[in-house]
Amino acid sequence: MVHHRPPADESRSTPELSPIPTAAQAARIAPASTPPELLRNFCIIAHIDHGKSTLADRMLQLTGVVEQRDMRAQYLDRMDIERERGITIKSQAVRMPWAVADDPALDGDPKAPVTPYALNMIDTPGHVDFTYEVSRSLAACEGAVLLVDAAQGIEAQTLANLYLAMENDLAIIPVLNKIDLPAAQPEKYAEEIAGLVGGDPADVLKVSGKTGAGVEALLDLIVRTVPAPVGDPDAPARAMIFDSVYDTYRGVVTYVRVVDGDLNPRERIAMMSTRATHELLEIGVSAPEPTPTKGLGVGEVGYLITGVKDVRQSKVGDTVTNSAKPAAEALGGYHDPRPMVFSGLYPIDGSDYPVLRDALDKLKLNDAALNYEPETSVALGFGFRVGFLGLLHLEIVRERLEREFDLELISTAPNVVYTVTLEDGTEVVVTNPSEFPGGKIKAVREPVVRSTILAPSEFIGAIMELCQQRRGDLLGMDYLSPERVEMRYTLPLAEIVFDFFDQLKSRTRGYASFDYEPTGDQVADLVKVDILLQGEQVDAFSAVVHKDQAYSYGVMMAGKLKDLIPRQQFEVPIQAAVGARVIARETVRAIRKDVLAKCYGGDISRKRKLLEKQKEGKKRMKTIGRVEVPPNAFIAALSSDSGGGKDAKDAKKK
Amino acid sequence: MSPALPDGEAAPADGSLPRGLAGPRTSAFGVYLHVPFCSVRCGYCDFNTYTAAELGGGANQVAYASTALREIALAGRVMREAGLPGRVASTVFVGGGTPTMLPAGDLVRMLDGVRDTWGLAPDAEVTTEANPDSVTPASLAELAAGGFTRVSFGMQSAVPHVLATLERTHDPARVPDVVRWARDAGLAVSLDLIYGTPGESLDDWRTSLDTVLETGVDHVSAYALVVEPGTKMAAQVRRGEITLPDGDDQAAKYELADEVLTAAGLGWYEVSNWARTPAHACRHNLAYWRGDDWWGVGPGAHSYLGAPAGRADDGAGPDGAGPDGAGPDGAGPDVGAGVRFWNVKHPRRYAAALEQGLSPAAGREVLDDDAAHLERVMLGVRLRQGLDLAVLDPAGRRAVAGLVASGLLDGRAAVAGRALLTLRGRLLADAVVRELVTG
Numbered sequence: 001m002v003h004h005r006p007p008a009d010e011s012r013s014t015p016e017l018s019p020i021p022t023a024a025q026a027a028r029i030a031p032a033s034t035p036p037e038l039l040r041n042f043c044i045i046a047h048i049d050h051g052k053s054t055l056a057d058r059m060l061q062l063t064g065v066v067e068q069r070d071m072r073a074q075y076l077d078r079m080d081i082e083r084e085r086g087i088t089i090k091s092q093a094v095r096m097p098w099a100v101a102d103d104p105a106l107d108g109d110p111k112a113p114v115t116p117y118a119l120n121m122i123d124t125p126g127h128v129d130f131t132y133e134v135s136r137s138l139a140a141c142e143g144a145v146l147l148v149d150a151a152q153g154i155e156a157q158t159l160a161n162l163y164l165a166m167e168n169d170l171a172i173i174p175v176l177n178k179i180d181l182p183a184a185q186p187e188k189y190a191e192e193i194a195g196l197v198g199g200d201p202a203d204v205l206k207v208s209g210k211t212g213a214g215v216e217a218l219l220d221l222i223v224r225t226v227p228a229p230v231g232d233p234d235a236p237a238r239a240m241i242f243d244s245v246y247d248t249y250r251g252v253v254t255y256v257r258v259v260d261g262d263l264n265p266r267e268r269i270a271m272m273s274t275r276a277t278h279e280l281l282e283i284g285v286s287a288p289e290p291t292p293t294k295g296l297g298v299g300e301v302g303y304l305i306t307g308v309k310d311v312r313q314s315k316v317g318d319t320v321t322n323s324a325k326p327a328a329e330a331l332g333g334y335h336d337p338r339p340m341v342f343s344g345l346y347p348i349d350g351s352d353y354p355v356l357r358d359a360l361d362k363l364k365l366n367d368a369a370l371n372y373e374p375e376t377s378v379a380l381g382f383g384f385r386v387g388f389l390g391l392l393h394l395e396i397v398r399e400r401l402e403r404e405f406d407l408e409l410i411s412t413a414p415n416v417v418y419t420v421t422l423e424d425g426t427e428v429v430v431t432n433p434s435e436f437p438g439g440k441i442k443a444v445r446e447p448v449v450r451s452t453i454l455a456p457s458e459f460i461g462a463i464m465e466l467c468q469q470r471r472g473d474l475l476g477m478d479y480l481s482p483e484r485v486e487m488r489y490t491l492p493l494a495e496i497v498f499d500f501f502d503q504l505k506s507r508t509r510g511y512a513s514f515d516y517e518p519t520g521d522q523v524a525d526l527v528k529v530d531i532l533l534q535g536e537q538v539d540a541f542s543a544v545v546h547k548d549q550a551y552s553y554g555v556m557m558a559g560k561l562k563d564l565i566p567r568q569q570f571e572v573p574i575q576a577a578v579g580a581r582v583i584a585r586e587t588v589r590a591i592r593k594d595v596l597a598k599c600y601g602g603d604i605s606r607k608r609k610l611l612e613k614q615k616e617g618k619k620r621m622k623t624i625g626r627v628e629v630p631p632n633a634f635i636a637a638l639s640s641d642s643g644g645g646k647d648a649k650d651a652k653k654k
Numbered sequence: 001m002s003p004a005l006p007d008g009e010a011a012p013a014d015g016s017l018p019r020g021l022a023g024p025r026t027s028a029f030g031v032y033l034h035v036p037f038c039s040v041r042c043g044y045c046d047f048n049t050y051t052a053a054e055l056g057g058g059a060n061q062v063a064y065a066s067t068a069l070r071e072i073a074l075a076g077r078v079m080r081e082a083g084l085p086g087r088v089a090s091t092v093f094v095g096g097g098t099p100t101m102l103p104a105g106d107l108v109r110m111l112d113g114v115r116d117t118w119g120l121a122p123d124a125e126v127t128t129e130a131n132p133d134s135v136t137p138a139s140l141a142e143l144a145a146g147g148f149t150r151v152s153f154g155m156q157s158a159v160p161h162v163l164a165t166l167e168r169t170h171d172p173a174r175v176p177d178v179v180r181w182a183r184d185a186g187l188a189v190s191l192d193l194i195y196g197t198p199g200e201s202l203d204d205w206r207t208s209l210d211t212v213l214e215t216g217v218d219h220v221s222a223y224a225l226v227v228e229p230g231t232k233m234a235a236q237v238r239r240g241e242i243t244l245p246d247g248d249d250q251a252a253k254y255e256l257a258d259e260v261l262t263a264a265g266l267g268w269y270e271v272s273n274w275a276r277t278p279a280h281a282c283r284h285n286l287a288y289w290r291g292d293d294w295w296g297v298g299p300g301a302h303s304y305l306g307a308p309a310g311r312a313d314d315g316a317g318p319d320g321a322g323p324d325g326a327g328p329d330g331a332g333p334d335v336g337a338g339v340r341f342w343n344v345k346h347p348r349r350y351a352a353a354l355e356q357g358l359s360p361a362a363g364r365e366v367l368d369d370d371a372a373h374l375e376r377v378m379l380g381v382r383l384r385q386g387l388d389l390a391v392l393d394p395a396g397r398r399a400v401a402g403l404v405a406s407g408l409l410d411g412r413a414a415v416a417g418r419a420l421l422t423l424r425g426r427l428l429a430d431a432v433v434r435e436l437v438t439g
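Protein chains in written order, with this note's numbering: chain A, 1 to 654; chain B, 1 to 439.
Hints are computed from structural coordinates only; laboratory data are not their basis. Take the hints with a grain of salt, since some may be wrong.
Unchecked claim - Below, in silico cross-link-like pairs of lysine to aspartate or glutamate (EDC-like), each with a Cα-Cα straight-line distance of 20 angstroms or less: (1) B:K345 to B:E355; (2) A:K609 to B:D430; (3) A:K609 to B:E9; (4) A:K598 to B:D203; (5) A:K615 to B:D368; (6) A:K613 to B:D370.
Using the sequences and the hints, build the whole thing.
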């Protein structure tokens, strides 16, 4: 059957033949009046580049909701960054009609009675940094398509999300994608997946998002496998927010899944976490363009517009209710996004500071997880300490700041949050290593994560070695197949934000995949290493590291700065110190010669221009004590080995 | 001559000068004559010079003096037309290249051209550069008879392996002879040295200095080797065939030179120049550092003409296009604080322009007050007499104390109102200038 055709109508001779519902059928699944049993809410769990967006594109075409001529690649990915990097940062939902024969045995029979369904596809974010958002997206669904690249097999992130979906009792539909690729090994990976989700490898559906092969069968399977939503239509309204997006023209667009009751236009709604109330200016469904409806009933997925301007007023995970007839209890699972990784962001040109401030204020409208406060660095000037969900989040924010606001930024090495208990019992929360308290410290706690690493079994030794170096504890290990192994480690988050992923990649020739989730914190023997230039602390280079790594960090950073700091008119000692104890020392020797030997008639213009250039350069110098340091020296020292963001790029390349 | 010409505006084809040059001035006037020929090009040399082979025959060399005379005549005319007061040349300096590649008669003929056009002061200093292997007692006598008073020999080193690395072809044993011949001819003599050549030891350098002192010359110039991009030596360094000594090595050699020369009675009067008495200093070069006017004749040569005395301080903007600004050619730009211009580099293009009666100038820059100030500080501070602190702006004057404290400026001189470099300060003169102009 070929279904690349516009939505059918009564004039067509064999309307029943099309899985695209007829107008009469469509009336049965109109938003706000679709019985829950005709609804199917599902998401797609997939690794970056395993073809989720392409599969979604095919579904949009097959169900006729996007006309052929309007189709563009990765239709649902709205941000340029998303489309370029091939990842979805923000989730959203799209409603698609699909008719299925009541008796599967009669599939393809034009005379078979069919029933129309409304499918809500909730596009989940694909990265570990957004685990919380993923969990809320999953909570809005009854089923999940587990999409795996038939040439690569399952990846650690996918596995993590799969476990999350299984914990949420979602119906899992295992699917192998890209079966059109010459390198595809569908049989091998079908076995792997079947082993993970239970069931027969033969039941793993094989599709190609690119050619469309198998996609109709998948849509049919979704209708038949995913349970219909269940809720109390007469109870006070409760809808869960699974995404919240700022739109320049419309303000915040809130995506919800209605659990109980219904939401209707023009009524006042209340956010249960804050008790704030808003008037519902518009309510509708994405099909996939926003389409206002008469409301949303039990099990339905759609959007709300209230005119608020900041996503913080419409938080993911929160419960929306009717303010006149509020529900007694909110839906479970809500928590405020908590930044896990911090970094100082500084404009390279100090005069860009106000631009950076305005840009962060703007991004914040659309990013509830972004938080920041002004910070001053001796080395880098005025900037912000910014909290992120993780490294990818950091990289995306930085890239958006640079691209959308034309800013040139330098970021300090990412660090985690430490809780320091002093001898007197006072607790200090440290988000910037240079603020790590001196003096008597009783204990330092650092966040730890539970990580999953998937890799060919030949790399077990290399991975164990790396994880041990990074203070990891092996929790367990399982073979997914004779060649592939899943290793679970508890690791300090701080060890991951510092080039862990790069190291893992290089030690496994790029074959390992990695995922983690925060699991609390632990007491650790941590110290702060300061870097001093001629006795002055260079704040941007202070680092909190494990006691055993203090020396190597100190030697590395002092050596690096020695090569980057130009010789001055006096000797400049560079020291690494833990408290008052110097653990490493380098010296930039005093410059002895800085003069042009020959300066005659024909040399004067050139020489003057050189001095003018040096004069300009001198103005841009950062001064630490008496030491003049070109700003790019600090940048160079911070850029290499910082680990920040490189993970995300590598992940994309895989 | 530097390898690359500076960026600037195009110079007018007729050689006309900017408005505002007319008026009295206190500065002296000097003439530089460039001779762009060498028998071989040395590996480190980035000067504007050509071997016979590079020019495709010796014809240009034969015609060169006549071509230069055309520029001298053009220079005299455009200076007159700009309203500059008639000044005789106080100094003439013939440089290269190797001026003595030309017959002494040609050099004398060029000097005659200077005399005919501007006149020559009775006590004029007239110098030519020379290679030790391109002079004879007779040629030196001919130069002296023609009005030359001084010769500067490119000795560079007394050590054969250093000369070989520099690709200098002369026999070092000849140097004492040529010095004697020149003195016998009545010429003052200077020797040029280069230090910091790859492979040169501190002892090698001491040998060169001792050899210089044995000749008893009254003037020495010593330059740290600079490997300019585009030279053969730069390529050798890039390929790793030779390793350049670092700044520390050059600093040590400079300190040794200053110690040895001072002990022998030769005092420094500029960062790279030493003379037995102030009277033995090169007056032509002093004129550059003092901001006097000069006209540079020859391919790639630079010229500089300052605004009349007091003009720059009158606040005359660089673009005083007012009704009073109309000079002989009222459409041109104002001279600002001064104008510098430079000729096309290649001898063929240079000759072609003059043959068509056009100016060989390729570009020029009009200096504004800031640029003139920077040049004044940058050049003045190089001198033994130091820079008058009154020249500095308030921020620059405030920087003096710190520079004295850092041991870069002489404290007693500072109290007496002059910025005078210490030995360490001479080695860090550029850093001192940056402090003095940025405060």
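**OP:** Take the C-alpha atoms of K615 of chain A and D368 of chain B, compute the straight-line distance between them, and say whether it is at most 20 angstroms.
**Re:** It holds: about 17 angstroms lies between the C-alpha atoms, which stays within 20 angstroms.
Original post:
Between K613 of chain A and D370 of chain B, is the straight-line Cα distance small enough, at 20 angstroms or below?
Top reply: 14 angstroms, holds
Subject >> Satisfaction of hint between D203 of chain B and K598 of chain A, Cα-Cα up to 20 angstroms >> reply: Measuring from Cα to Cα gives roughly 23 angstroms; hence the hint is violated.
**OP:** Could you grab the alpha-carbon distance between K345 of chain B and E355 of chain B and see if it respects the 20 angstroms cut-off?
**Re:** 16 angstroms, holds
Original post:
Would the pair K609 of chain A and D430 of chain B pass a check requiring their Cα atoms to be no farther apart than 20 angstroms?
Top reply: 12 angstroms, holds
Original post:
Does K609 of chain A pair with E9 of chain B here, judged by a C-alpha cut-off of 20 angstroms?
Top reply: 15 angstroms, holds
The structure fails hint 4 only (numbered hints given earlier).
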